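Given the coordinates of chain A, assemble chains B, C and D onto it according to the supplied hints.
Protein chains in written order, with our numbering: chain A, 1 to 458; chain B, 1 to 458; chain C, 1 to 458; chain D, 1 to 458.
Take these hints with a grain of salt, some might be off.
All copies of an identical chain are treated as equivalent in the list; a pair is satisfied when it fits inside any one copy or across any two copies.
As the list claims (entries may be wrong) - With a Cα cut of at most 35 Å, we get these calculated DSBU-like pairs of lysine-lysine:
1) K173 to K329
2) K329 to K177
3) K204 to K173
4) K204 to K177
5) K173 to K257
If you're looking for bench data, these hints aren't it; they were derived computationally from the structure.
Every value quoted in this text rests on a predicted model; they were computed, and no experiment measured them.
Protein chains: 4
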Amino acid sequence: MSDRILIRNGLVVTPAGTFRGDVMTHGEEILAIGEALPMSQVDEVIDADGCLVLPGLVDPHVHIQLDTGIYQTKDDWGVGTRAAACGGVTTVLDFATQFPGQTLEQALENRWNEVDGKAAVDYGLHVMVTDLPAGEEDELRTLVRLGAPEAKVYTTYRPNYYMDDDRLLRVFKAAAKHGILVMVHAENDAMVSAATERLIAAGKTSLRYHAQARPMLAEQEAAHRVAFLAAEAGARAYVVHNSTGGTTEILAEARRKGINVISETCPQYLILDDSLYEGEHPEWVILQPPLRPRREGAKLWSLLASGEISTVGTDHCDYTLEQKVSTMKFPSTPGGIPGLETSLPLMYTYGVAAGRISLERLVEVMSTNPARIFGMFPRKGTIIPGSDADLVVYDPRHKGQISVGRLHTVGGYTPYEGMGVQGTIRVVLSRGKPVCRDGEFVGDAGRGRYLERSLSGS
Amino acid sequence: MSDRILIRNGLVVTPAGTFRGDVMTHGEEILAIGEALPMSQVDEVIDADGCLVLPGLVDPHVHIQLDTGIYQTKDDWGVGTRAAACGGVTTVLDFATQFPGQTLEQALENRWNEVDGKAAVDYGLHVMVTDLPAGEEDELRTLVRLGAPEAKVYTTYRPNYYMDDDRLLRVFKAAAKHGILVMVHAENDAMVSAATERLIAAGKTSLRYHAQARPMLAEQEAAHRVAFLAAEAGARAYVVHNSTGGTTEILAEARRKGINVISETCPQYLILDDSLYEGEHPEWVILQPPLRPRREGAKLWSLLASGEISTVGTDHCDYTLEQKVSTMKFPSTPGGIPGLETSLPLMYTYGVAAGRISLERLVEVMSTNPARIFGMFPRKGTIIPGSDADLVVYDPRHKGQISVGRLHTVGGYTPYEGMGVQGTIRVVLSRGKPVCRDGEFVGDAGRGRYLERSLSGS
Amino acid sequence: MSDRILIRNGLVVTPAGTFRGDVMTHGEEILAIGEALPMSQVDEVIDADGCLVLPGLVDPHVHIQLDTGIYQTKDDWGVGTRAAACGGVTTVLDFATQFPGQTLEQALENRWNEVDGKAAVDYGLHVMVTDLPAGEEDELRTLVRLGAPEAKVYTTYRPNYYMDDDRLLRVFKAAAKHGILVMVHAENDAMVSAATERLIAAGKTSLRYHAQARPMLAEQEAAHRVAFLAAEAGARAYVVHNSTGGTTEILAEARRKGINVISETCPQYLILDDSLYEGEHPEWVILQPPLRPRREGAKLWSLLASGEISTVGTDHCDYTLEQKVSTMKFPSTPGGIPGLETSLPLMYTYGVAAGRISLERLVEVMSTNPARIFGMFPRKGTIIPGSDADLVVYDPRHKGQISVGRLHTVGGYTPYEGMGVQGTIRVVLSRGKPVCRDGEFVGDAGRGRYLERSLSGS
Amino acid sequence: MSDRILIRNGLVVTPAGTFRGDVMTHGEEILAIGEALPMSQVDEVIDADGCLVLPGLVDPHVHIQLDTGIYQTKDDWGVGTRAAACGGVTTVLDFATQFPGQTLEQALENRWNEVDGKAAVDYGLHVMVTDLPAGEEDELRTLVRLGAPEAKVYTTYRPNYYMDDDRLLRVFKAAAKHGILVMVHAENDAMVSAATERLIAAGKTSLRYHAQARPMLAEQEAAHRVAFLAAEAGARAYVVHNSTGGTTEILAEARRKGINVISETCPQYLILDDSLYEGEHPEWVILQPPLRPRREGAKLWSLLASGEISTVGTDHCDYTLEQKVSTMKFPSTPGGIPGLETSLPLMYTYGVAAGRISLERLVEVMSTNPARIFGMFPRKGTIIPGSDADLVVYDPRHKGQISVGRLHTVGGYTPYEGMGVQGTIRVVLSRGKPVCRDGEFVGDAGRGRYLERSLSGS
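Bound conformation, chain A alone (with noise of 0.2 Å):
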């Protein structure tokens, strides 16, 4: 492939610096950045005057296709990486749920099966570590070998997901044998449990219910356990999805004694909150952990430019509007939303153009730290000669509102129905192949590669 592609004239950011200047491509690949760069032998010139040049997002963070042994989402690989594609996001981070019964690689290869041929953009694999009986830890090992050296464990959902502490400890332990990653869902079951046992037996189960099923203690009190154990087992531990800012603290504070947390966040704690559902559709906002109060939006943000918030990531699950309001009752409505598409718009707009955050620290939260975090960097997270030509060209002079009528994915809703933002996504290019343009998927099913990450240093 010979390809060229010059995006010209655009404001380019880079961990190393922001330049208004010109990127090069040549076949998957980034040839060269410059400040005018010789139009010749080029295939394609895009014109990014008065646009953003960013490095394509890499969310850590996602469900497509999701089968969650109860609820199945209604996308494909095909439809979740359209949207990604139309999102900006380059890299989608999903999971491989280890079913009853399978190895670590038979997870992986369900999940190979069902991508092949399907993908527009890379993919990598986290996989959900359910089963990992005493005295064959080192299982884990395998996950290194196939290159996706994470194990995603839940404090909660019994009996599918959850992991007890000696479990847990069980993981970390082997973990760090190995320099695994523990990715945690934290949430305490016996408080998430007893919330929603006590709200069913009080009759309290329409939606508008949703949130105290949940209480923000529980995050907060699995956090403060999880860093504990991490500590005791020497190993590195991710905590999803914080949507609190006492949750964020807490990890803060095990960071001060040299425990070593991560802290992610998604779009919808630091822009939406928990009023919605007392509000017109509160199908749109049943997800775990719930939303919450708008104080802790304000906290998260806060936290977010501090540096104590390392990723964004949308915990993006295509679940329809039918699904959401089939029994109109929390506890049997599936949760999570959709996010790919919306997550740039919306953190330029609510994040950057508001002056909570620099437009350099949006791409570090949404596409350098989860490429460093995840082993992909340089070759994803940057624009630098050699990564992949993983390119987004932004124009923040544009006003829009968000409308599921123009989103990719299959749901039938949005939560952002309707809020304004700034800015739009002109291109989209994934290995120097454009994939979106202005709104439009433009990209090839199939084309997206599986992400053999390695051992990330830190």
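This is chains B, C and D only, laid out in the frame that chain A set:
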């Protein structure tokens, strides 16, 4: 100026990642970086095959043509910046002393006059504030206006530089108000004075006693106090030349409490140790603070690797050997050693090649961080289109020895005489112009410019 | 009652200082203390020359006539309090289990009925709260009314006692509201259960494996979590039987952050160690938590001396040797050892005589502190006019050995068999009445009273 | 001496608890305490019905017959100890200044000579160490031998007392070696000097500017530095007269890190505030450190209640009103106020009666703790048989006002003039002998003895 230089096929180290490829300059700036940039229209091609291509070093702590009021170095700006150029240091940050009766602006003007027509590389100035009458603290604002937004102060050296805690606090408060960074030479004056007097009283004035005159605790106590006063004033402090691990640990603990303090160290504290005072050439290592026991160097390397030390400066002073041996008594020997020309090979050899720090970390502490902290990023400290074409081509395959015969300083010695080094500097570019080739100075006196620097973000 | 007893010429240890002199009782109370109290009108004179005169011990953690739902000890309140009397323990704080379906008041009534007519020394009760339905948390108020203002809970022992984090938090919140102290047996249930199951699966069920079934980390993690939940609820927690130094250090760190948690340890964790599981009589040391490595005992002594451990209780359980050896498998062996009668000589010998703690500290942790914490000071825990005449005359000159033959328990063994002790108990007074003389029980069953205790200050 | 005094039926406050009953003395000591001690053979019976019976106060910080080298108070040991006696202070700890050229022993001898035949209550001495030549640090051992095991030092007051950090550190190291406690007057000399000079330069020398001359931060910085140096030396430090809450908080943080530092405050910093400098009698409140804003007093009360402040001393200085108003300029007005005679009623009224501290806490900080810290417990600071019969009978029912007319000082004023107080001192016994009855001094000049004190335990 339309000269174009193409540096081909090196391992280019940038904050955005490291890649194998080319860097093209145009005039004074980086024009492009790429995997295989076109060679047409190029005035010179530098073959960097097998070499590293680094951003020019930014030495934050240099004393060229120094007049302490008591001693004067014998170099001038021509000599000093020639040495810098040949050491890969394309930006020197030196000092402008406010002598008695002078305004801060006069202090700067004096230095500008001295430099005029002599500098071979770009330079900035930190003003040594020695007089800040109560009520006139706002004069510090001048420093912002003149692009030198730091105040350097000393907690020792009576009567010339010494600033007592009242003045220190007033400087901190005024600095906080105007966003100025306070650089502090931190040693407890009473401890240093008393230790010196006791040695003199005991007739222990030969050079071997030098280190005993300046106890490690004197530095640590002052750092502890500086952090307290900075916190009270809401100021940012930069503690120069941390020579003991304990100093940095005290500052690190302050950082964990949210106090804005930065640690600098120097190659001599990492690489040399106080056993040299018992050696053949104690005159080579008379400097303040003195060399410390070997274990301190080990601690400092570890703190440099872990991020607790942000910058490495040389504290370069080009006294002559004659000055050094004139009395052979430490109280009357000028303190300070040359370092500009040896810092890169030494840090590469004893840091990177020895496995103590990564190549990326070397670039960070010797180029990117000083550029950021002192308000010059991304003009300096990175390799990105549009940044100044300050570049070093370093060949890591070469094996050699430090030898005074190859240096451009006037002092006639180097404390590193005979030490083995891995690698050599092939070419140095300053704003697009070669200033050193294979050890030979090829620059132009007078081409170096004063850098008007801005307030840094953090 | 107008009996007067004069204890003459002893070394009287009180929180107000230690003096050589006399203590006079009148009826049930201390009448006077002095240097040479008048001997007229005295019914009995006890010569304490060369002896220590201590306030009667207050054992905060005792299980007389225990019914766990699975096992029952073979003693009754007569046996247990006789042993207490002969051990210098004039106040026992035992437990009242809330069995399924019972109110808290019924739990207390059961025990009152059992005790009726049998107790030889005063007793108080802590209620083991096992059922606290949501919405009925205020029932805890009953405990204040009935003079038993503590709630004892377990984080392990499914299904009888186990309390999950939701219930634990609700107990903490209700306790905080009513000023009640929460006593916690802290071991991570999942870790203990899993370790046990793995040993069973491996056929490792002989007694020597007992300690492996209950890892130290299980205790430490639970202490860490308990401190977190107590802090969230604003409650006070008292963590019983700290068996590892790490447990106490975790609680000490919490205290430094202002969290109100108290540490208790037991003589067995200070004096014995896990090498006994490899010895001739592992059945003597089956208890929960198990004995730990020797270094833990050393740490605990140090934490006891420095003030981080507030109390020493015995966790006395009088199972018979027959019960202990019935299966020779640890999972089916009742846990718990006798201790009431040996705690004072052991703590004096291995603590005071060995120089690890002062005599005053012994009195503090075995008498004054438990009396203060559990709302009985200055009635118990001191020697002051008007306080209960609970006194121990201890002769430190005597040298002897622990031997089951001299004990008043029914179990038929002591884990301390054959250990040397320094000193012996000469006389014990309970509310002015001798209950033990030179090892012989001389008290009256039924004279011991239920102590209605008040909320303690801190 | 065989006098027996029976104090009947009071509320007796001891560290072992509070009881209603009697205290009997015999000769110089407590003979007995009891509920109803026999009245036969008693020389005097004091009816304490409705009254408190307290251990005599131990004032750790007193300046009787003070000669600062510049100013002299007009009292002598007769006047000063008479005031102490009438204030319930039965032990005064005063200072012996090492004047230029004197040994430490000579400093003590000077004071012994002055006191000879005059003291009405017992006294101890802390030596103000002003000269400690390098190499002679072991002279501090003398202090242990002479029963005055403290070194008092100043971080301010040039040139008389000022000790720079080098000397301070040497004192700390020598003190650590010999177990001596270092008492520190902590104010940053440079800050105090500069603030004073600026006020003088501005012509602001009237008394109302006094507080501005000694900023709160000067005290806080010095406390921070003292804790650091004490930690380095392994010494124990006692920071006198904490006048700001921040000072105590800095020391409390040091304690949490294991540094052995003790906080003292004075009634004036708890009860008075800096609004008095704007009032009618600024001359009444010229003292160092000065009075602070009202909020600081509130913080200090809270820190006193929570245990962070260990002792309350008065810093008593009996300058005359003539001396105070001689120039009406603060730089030439002797600093220091009388306090010995008013501390108990003030602390009872504004502490205990106002609900800020308990009665037991008052006794702890004004009697038991100073006795323990300064090596006199249980001879002083408690009520226990064998301890010195130093007792205060205080009637809390009385309501009165502070008035200079009732005081025994020579100064002719009190800063508390007209303030209401709850309670009055009925009788004070010093070693078994009444020294004050209802405000009238009835003691004997010369009966007070020098207390040879031992090293305290902690």
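A quick look at each hint next to the structure:
no.	hint	in the structure
1	K173 to K329	between (39 Å within a copy, 29 Å between copies)
2	K329 to K177	between (44 Å within a copy, 34 Å between copies)
3	K204 to K173	between (41 Å within a copy, 23 Å between copies)
4	K204 to K177	between (46 Å within a copy, 26 Å between copies)
5	K173 to K257	both (19 Å within a copy, 29 Å between copies)
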